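Protein sequence lines correspond, in order, to chains A and B. 79 is the number that the numbering used here gives to position 79 of the first sequence; each next residue is one higher, with no gaps. 136 is the number that the numbering used here gives to position 136 of the second sequence; each next residue is one higher, with no gaps.
Just so you know, these hints were derived from the structure itself, not from any lab. As the structure is a prediction and not an experimental result, all values here were calculated from the model. Where is the CB? At the ideal position from N, CA and C, for every residue including glycine. Don't take each hint at face value.
Claimed, not checked - Partial list, computed: chain A residues near chain B (C-beta under 10 Å):
id : residue
1  : Gly9
2  : Gly21
3  : Val79
4  : Tyr113
5  : Tyr186
As the list claims (entries may be wrong) - Far from chain B, some chain A residues (derived; all Cβ distances over 10 Å):
id : residue
6  : Pro16
7  : Pro68
8  : Ala105
9  : Pro142
10 : Trp181
11 : Trp193
These are the residues of each chain, in order.
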Amino acid sequence: MNVTRGFTGRPRVHHPGLPPGQYDAGDDWPVLSAEVTPDLTPADWTFRVDGLVGEPRTWDWDEAHTLPESRYEGDIHCVTSWSKFGVRFGGVSLDAFLAAVRPDAAATHAVAYSHTGYTTNLPLADLTGGRAWIAWEYDGRPLTPEHGGPARLLVPHLYFWKSAKWIAGLRLLDHDEPGFWEQNGYHERGNPWEEQRYSGD
Amino acid sequence: MTDTFAAPAAFTPPTRFAVPGRIAVSNRSAAVWQTATLTEIRRETPQAATFRFAVPAWAGHLPGQHLMLRLIAQDGYTAQRHYSIASAPDDDGHIELTLDHVAGGEVSGWFHTEAKPGDRVEVRGPLSGFFAWPGDRPALLVGAGSGVVPLMSMVRHHRARGLDVPLRLLVSARGPEELIYAREYGAETTPVFTRSAPRGVPAGRLAAAHLAPVLAGSGLPPGGWEAYVCGSNAFAEHASRLLVAAGQPVDRIRIERFG
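If we strip away everything but chain A, and leave its shape as in the complex, we get:
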């Protein structure tokens, strides 16, 4: 590593919640979607889970809201280097949706896809055990369209491109299948604590 002449950087903050190479974005919440923000109302929104499952199923807005409410309070991390601390999302744990469709034992991965057609791939193990949500509230208010409203996937322990906005469904697979950014050079898993930004990291 070359030390950069004259560079001192920001005051050092030893925040144990900050993964390597990240900085605290403070109150900012940058929007980085690569596509046009869709006009999608709660009445238009559906969420489907299919693929290697016992019983594929589609929920509409009202049906999804009959599932037990679940919250996430914690941090999120974007591959572009910002992290945001102490965010509060409300929605339903993905475990509740998965329990209803009964995943096959052979299912190891999932492709999450959006109502825009955006895709991202995840190991099933990252979507279960209380670590992933379908979120429709942010800070006690409806999630705004540019942040993925009416509802987005939330997988806060991975870089945030995995948390697909405008979530439309999950297809469970017995293999890994790269999604949109993953086909564009980004890492298959995206663990911020291991700085898995790009393929091969």
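Got chain A; can you put chain B on it based on the hints?
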């Protein structure tokens, strides 16, 4: 008799966002940090300057791609940021970045107050094929502020290679003095000034009237445009809605937002 193994069919969602990657990305070059030596600084506007670097082992890039740049302090502290590449691919081991001086920005602040030719930083890239334009199809470029940077790489590439494929640039700035690359634009470019404009030119936001000449009638090339939008989120939202309203297919709009 042979056994056949059907490859699993790739999953295609039932909705449109075609926007596949424009190019296959090699990650061998992107995986390695390289030293970039600053060779030249050119002021563009009161807020923005262009920084030229020698990167001898640069693998080359396509217009629209970006890189990751990092600065390293004495104590090992590093700060890294994504920046779009401003220069066209030129095969001579140089790249240019144009950076706004961001208030309180530790990286842009170093560039604008401390950096001088001979200084060395580290880069990895080029990254991402999504926003790349290889020059293969008509391109409608819509940018604001320093969002014009990756679009300028496309304009420069178009000129350097003498490409025939249509290319148009709509670039928004607050006023003429804040228009990056002002001296370089030609007939392909329409500047839009939001706050103060030269005498005889109305000031105002990018509007449907700016898009109509290229998205309707004889302005629309055969096969249509691939649209590339770059700027703040607010600008990207505004511009992409205008494009959709003017008839540009939603799956042929590629957006890069600051953040």
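Cross-check of the supplied hints:
1. Gly9: Because about 5 Å separates Gly9 (chain A) from the closest Cβ in chain B, which is inside the 10 Å limit, the hint holds.
2. Gly21: Interface hint status for Gly21 (chain A): holds (6 Å vs cutoff 10 Å).
3. Val79: holds (9 Å)
4. Tyr113: holds (4 Å)
5. Tyr186: Status holds, d = 8 Å.
6. Pro16: The claim holds: Pro16 (chain A) sits with its nearest Cβ about 16 Å from chain B, beyond 10 Å.
7. Pro68: holds (28 Å)
8. Ala105: At about 17 Å from chain B, Ala105 (chain A) clears the 10 Å cut-off, so the statement holds.
9. Pro142: holds (18 Å)
10. Trp181: Trp181 (chain A) is in fact no farther than 10 Å from some Cβ atom of chain B, at 8 Å.
11. Trp193: Non-interface label on Trp193 (chain A) holds, nearest chain B Cβ at 16 Å vs cutoff 10 Å.
The earlier numbered hint that this structure contradicts is number 10, and it is the only one.
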